[in-house]
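Assemble chain B onto chain A, guided by the hints.
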Amino acid sequence: MSHPWLPGQAYSVIGAAHRRQGKPCQDASLCSQLQVGDALLQLLVVADGHGGHRYGLSDAGSAIACAQAEQAVRELSELHPLTDRGTWLELLRHTLPSRIHTGWLAAIEGDWQQRPEAEREPFTPLSYGCTLGLVLLAPQWWGCSGIGDWDLTAVAADGSAQLLSEELGASGSSEATGSLCQPWPEQAWAGRAQLQPLNNGSPRALVLSTDGVRKSCATDADYLNLCSALIELSGAELADGLEQITSEGSGDDVSVAIALAVGAAPPAQGRAGRPRRWLLGGVLGLALASAAGLAGWRWLQPPDPLAQLISELCQQPQRIRPTLLQRRSQFAALVKQPSMAVHLQAQASTDPLGALIAGANSRSGLSCRALQLGLQQQWQQARAAARPANAKMPATAPSSP
Amino acid sequence: MAFPNVRLSNRPLHFIYLCDCSGSMAAQGKMQALNQAIRQSLPGMAEVARQNPEARVLVRAVRFADQAAWHLAEPTPVQQLQWRDLEAGGITAMGEALNLVAEVLQSPPMEERALPPVLVLISDGQPTDDFDAGLARLMRLPWAQKAVRLAIAMGHDADLEVLQQFIGPEPSGAGKSPRRPLQASNATTLAQYIQWASTAVVGAASMPASRVTPAPAADRPNPSDSVGNIPLPDLPPTLLDPSVDVGPLVW
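Chains as they are written, first to last, in our numbering: chain A, 13 to 413; chain B, 17 to 267.
Keep in mind that a hint or two might mislead.
Looking from chain A toward chain B, a few residues come up when the C-beta cut is under 8 Å (computed) [what the hints assert, rightly or not]:
| no. | residue |
| --- | --- |
| 1 | His62 |
| 2 | Gly63 |
| 3 | Glu178 |
| 4 | Ala188 |
| 5 | Gln206 |
| 6 | Ser228 |
| 7 | Cys229 |
| 8 | Ala230 |
| 9 | Asp232 |
| 10 | Leu238 |
| 11 | Gly261 |
So the derived label-pair ranges between C-beta atoms look like this [what the hints assert, rightly or not]:
| no. | chain 1 | residue 1 | chain 2 | residue 2 | range |
| --- | --- | --- | --- | --- | --- |
| 12 | A | Cys380 | B | Asp146 | 47 to 57 Å |
| 13 | B | Pro69 | A | Gln125 | 50 to 60 Å |
| 14 | B | Pro69 | A | Gly122 | 47 to 57 Å |
| 15 | A | Gln125 | B | Trp86 | 53 to 63 Å |
| 16 | A | Pro195 | B | Gln122 | 32 to 42 Å |
| 17 | B | Lys192 | A | Gln389 | 41 to 51 Å |
| 18 | A | Glu133 | B | Gln83 | 51 to 61 Å |
| 19 | B | Arg55 | A | Thr114 | 54 to 64 Å |
Stretch by stretch, here's where chain B covers chain A in the computed footprint (C-beta under 8 Å, at least three residues) [unchecked claim]:
| no. | region |
| --- | --- |
| 20 | 64 to 74 |
| 21 | 190 to 201 |
| 22 | 252 to 260 |
If you are wondering where the hints come from, they were derived from the structure by calculation, not from laboratory data. Because the structure is a prediction, the values reported are computed rather than measured. All residues carry an ideal CB built from backbone N, CA and C; glycine is no exception.
Isolated chain B (complex conformation):
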């Protein structure tokens, strides 16, 4: 049986990488590790997409160095994605990257029924352009506000404050949380975080349970609590727990 003139549709889930490709990423194999981590995560991401047919996982990527540009401009079904290596060189136009993402998170081109998108910002340094303006423009958009925003800091030079601003208010209490920048200090940890974002987070975002509209921030005991649109899954165990500074520090 079919409904004529009705397009029933699963819901697009836009997953966007924002990748720092500044010159410092060339050092100590960071760029190579990032390319490898993303490439290795794709089969797992495709499997999660297969298990959640109600979501249509579409991947894009922005690279930023002297300028920001789409590395993967077309929303590409994860099953068809072939990762082209990013190359390092230049400074860190992170604010411009946020502007680029803001352009595609407007409606249109965002579909009315899309699932909250997943944005993953990966950086090893500090923005060299107007990050605040880029973030402000991005966060004016309802789709950006609803998005699952994650940040991965590669090495100890990453600007954690800036990455936290991208994610949103810092959660209360100490310890590891996906609502804090994830600190990857070696290739293995980076791969674990990328794998987590592209599988566990995509799985959670693919079939979000509805939830009660949160009370205004002023009425919440801790305004940073429960503001995310998607309950985030637990972080993976990693070689380097950011709350316990041990492990093979490489970067």
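Pulled out of the complex, with its shape left as it was, chain A reads as follows:
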């Protein structure tokens, strides 16, 4: 069976601040391919140890988390055919997290017992605290799950990027995160799980990253641009890029795991930082498009990212609510400052979701009933949250964005 994904790549780089302070890299990442029958299942994982004094073994915790994720996926893939999407969505929501969590707890306790300090201190999972984000890439779908402040971004054929999953309630500034060391937080995992079938609208690439990457960017728009640039890098170039990100940015450890779709040109040396333009790709672009069939041909036509987003959401209405929920803070900000809408609409090519939210009403002609209702519901909630208790609406609140 052909596989629609190129072999992925995963890198972790120690943060500039950690290196200066003589601390270890507390991030870990992994990319592996598992043979499932005659198909390949690819796994990408990133884990981020908390690093504070209470979490002194979190570098071991994150490495163990990656290993446990791989083992759990391997075991489940021997039991369930990849063609059974419904089962795999349930596995991503419940069974896989449970296995990883149980396995991680047992493994870190085993690790603790090997340490000299175990003779004088009691074991606590807190010492190993870390986040975990994973992506599965199957022949007919991709899915993700995890806990904590990792981010997953899709890069489309035209180079535009869209945030697909982030920790709810995280604004990029909070230092608090969900963690494997917490008592079984099933809801936290289930809220991050999703499974998407592959089709013509599927992303060209997926970028899974720890929070150090996003926190190194001035804004979310910069982060999305960075994801578009990162998929052009491989090997030493990618490692160098991560070094640059941490040294010029947050100083935190940084990890990325990247999946590229077949038909998307593999990264080439010396192309770092140059956006790949299929329309300018000449013979190479045409050859690859031909190989990729209709999907590749479609990529030659640069789509309107906003129209594409609307189309995708209307075709998969179950994605509407979770997608919009990712931007609750943006709804709230627009209620308080309606003038932001102009700026957001101007950035539709890099942030189509922001543009959709900012210009929701003006796009009603392209939209569908489910999306309109979803937007309406989020606006109502944002206005209700902005309304002082027992008081009238703020004078600046818009009736529409």
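Relative to the frame of chain A, chain B by itself:
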């Protein structure tokens, strides 16, 4: 190598002084001591900023007396800061000062990627305006909730209850804690606390380690524990330990 169209950036760390400039601050050299303490702390603060290039330390100051006003309105890199002396006179519009700070802790103008800000409230008396309303407005903001909030009481007339409300829930147990108002009863102690806030606290806030999301208050054995976003460093040894009432009491 560069990433085109990507602004990589260190994270701004906003440090805001809220300084009581009421008439009582003119007595016993308190105003002079505060100006001196802040001025003397700046080189140490700049050095901490230099050691933590991942944070961009930006200082502002609010003065409050009959009214509250920005004394240093622009977020100023600590390396460029030249402290202008505050002057005392008037009453204590502390609530209005909190309102002023609330205006700048909204997003925008707060940057998406800013580090939790550090707010240092310094007072020798009791608020004469609606402190509760100012505090309520401030604490509705996520940035204020995440902020490291410290309070320094100058002398024995300071309203410790009000300062504790600004900081947050009082920690369990007795003794000295940065989550209680720091009591400065002379110029030396004041200088030590200001120095601590502008160096040790700024250092801790510059590179915060991530931590586990705390359980809801109802699920914690002591709801006041572990609510701060940044683990605070130990307090400096001072001439006057608030838990042991000895030392050269001046104010």
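Any of the earlier hints contradicted here, and which numbers?
-> 3, 5, 13, 14
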